[in-house]
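Visitor: Take a look at the letters that make up each chain.
There are 2 protein chains.
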Amino acid sequence: MLGRLNHVAIAVPDLAAATAIYRDTLGAAVSQPQALPEHGVTVVFVELPNAKVELLEPLGEASPIAAFLEKSPSGGIHHICYEVNDILAARDRLKAAGARVVGDGEPKIGAHGKPVLFLHPKDFAGTLVELEQV
Amino acid sequence: MLGRLNHVAIAVPDLAAATAIYRDTLGAAVSQPQALPEHGVTVVFVELPNAKVELLEPLGEASPIAAFLEKSPSGGIHHICYEVNDILAARDRLKAAGARVVGDGEPKIGAHGKPVLFLHPKDFAGTLVELEQV
Chain A
0 MLGRLNHVAI AVPDLAAATA IYRDTLGAAV SQPQALPEHG VTVVFVELPN AKVELLEPLG
60 EASPIAAFLE KSPSGGIHHI CYEVNDILAA RDRLKAAGAR VVGDGEPKIG AHGKPVLFLH
120 PKDFAGTLVE LEQV
Chain B
0 MLGRLNHVAI AVPDLAAATA IYRDTLGAAV SQPQALPEHG VTVVFVELPN AKVELLEPLG
60 EASPIAAFLE KSPSGGIHHI CYEVNDILAA RDRLKAAGAR VVGDGEPKIG AHGKPVLFLH
120 PKDFAGTLVE LEQV
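Chains A and B, in that order, are what the protein sequence lines are. Numbering follows numbering that gives the first Met the number 0, in which position 55 of the first sequence is assigned residue number 54; successive positions increment by one, without gaps. Numbering follows numbering that gives the first Met the number 0, in which position 20 of the second sequence is assigned residue number 19; successive positions increment by one, without gaps.
Bound-form chain A, shown alone (with noise of 0.2 Å):
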């Protein structure tokens, strides 16, 4: 079921600081910030060859990695995101094993233009894990 590993989120306090670390520091190509108000994050995607690394800074009031920022104020990794072929069915799967998928369980439009799941970091060793559908 589970397919390439799309991105690894890691929420920042600073995105200006963090994307120096990615462009200068570490010699990685970054893209301009993307203010999403619907995400409540501003992001900057690192491309790597074979996957991304999104930089998440909150936007807004109610920023879904504002909790995050609070229990670990340097930053550090959000969410681990996996792409699969066809999301109704991958949740539906993982639902009939017992695992607890975010909110009401309902596929949301994500930052990519695609539906997305959040799971339940308690049911999948600690991590958030975010499925898309590719």
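Just so you know, these hints were derived from the structure itself, not from any lab. Being a predicted model, the structure only gives us computed values, none of them experimental. Please note: incorrect hints may appear among the correct ones.
Identical chains share a label here; the pair holds if one copy fits it or two copies do between them.
[To be verified] Lysine-lysine pairs mimicking DSS-like chemistry, simulated, CA-CA at most 25 Å apart:
{"id": "1", "residue 1": "K121", "residue 2": "K70"}
{"id": "2", "residue 1": "K94", "residue 2": "K113"}
{"id": "3", "residue 1": "K113", "residue 2": "K51"}
{"id": "4", "residue 1": "K107", "residue 2": "K121"}
{"id": "5", "residue 1": "K121", "residue 2": "K94"}
{"id": "6", "residue 1": "K107", "residue 2": "K94"}
We have chain A already, so just place chain B on it with the hints.
Guide: Using the frame of chain A, we list chain B on its own:
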């Protein structure tokens, strides 16, 4: 300088349980567990089409992931590994930029039999970064 995303390492308290999640619940291809006493971990490789996820369980008295699991008993993403072509050149560039390398700054032979270095989370957006020469 930065090449492919080689792997994401997830520290877990129960390797058999985490392996079952990835193999049975998520439907991924997983390796047999491999004890790496010189690295203080037992590892299961989750083989995705473009990258690996490594599930790490502490092994022995002084496992490098023991402190992490004390803070996060359910597990969590421990580090992210990027590939570089020349690890000594990478180290020198990072040190010149003022970034800290963990330990004495000399590459060690990592779990894949290749030279690796770990970079200090405080200088890399709160994230423990491994560089592996490929």
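Visitor: Please go over all the hints and tell whether each is borne out by the structure.
Guide: How the hints compare with the structure:
{"no.": "1", "hint": "K121 x K70", "in the structure": "both (17 Å within a copy, 15 Å between copies)"}
{"no.": "2", "hint": "K94 x K113", "in the structure": "within (21 Å within a copy, 40 Å between copies)"}
{"no.": "3", "hint": "K113 x K51", "in the structure": "both (16 Å within a copy, 23 Å between copies)"}
{"no.": "4", "hint": "K107 x K121", "in the structure": "within (21 Å within a copy, 34 Å between copies)"}
{"no.": "5", "hint": "K121 x K94", "in the structure": "within (14 Å within a copy, 38 Å between copies)"}
{"no.": "6", "hint": "K107 x K94", "in the structure": "within (17 Å within a copy, 42 Å between copies)"}
Checked against the numbered hints above, the structure breaks none of them.
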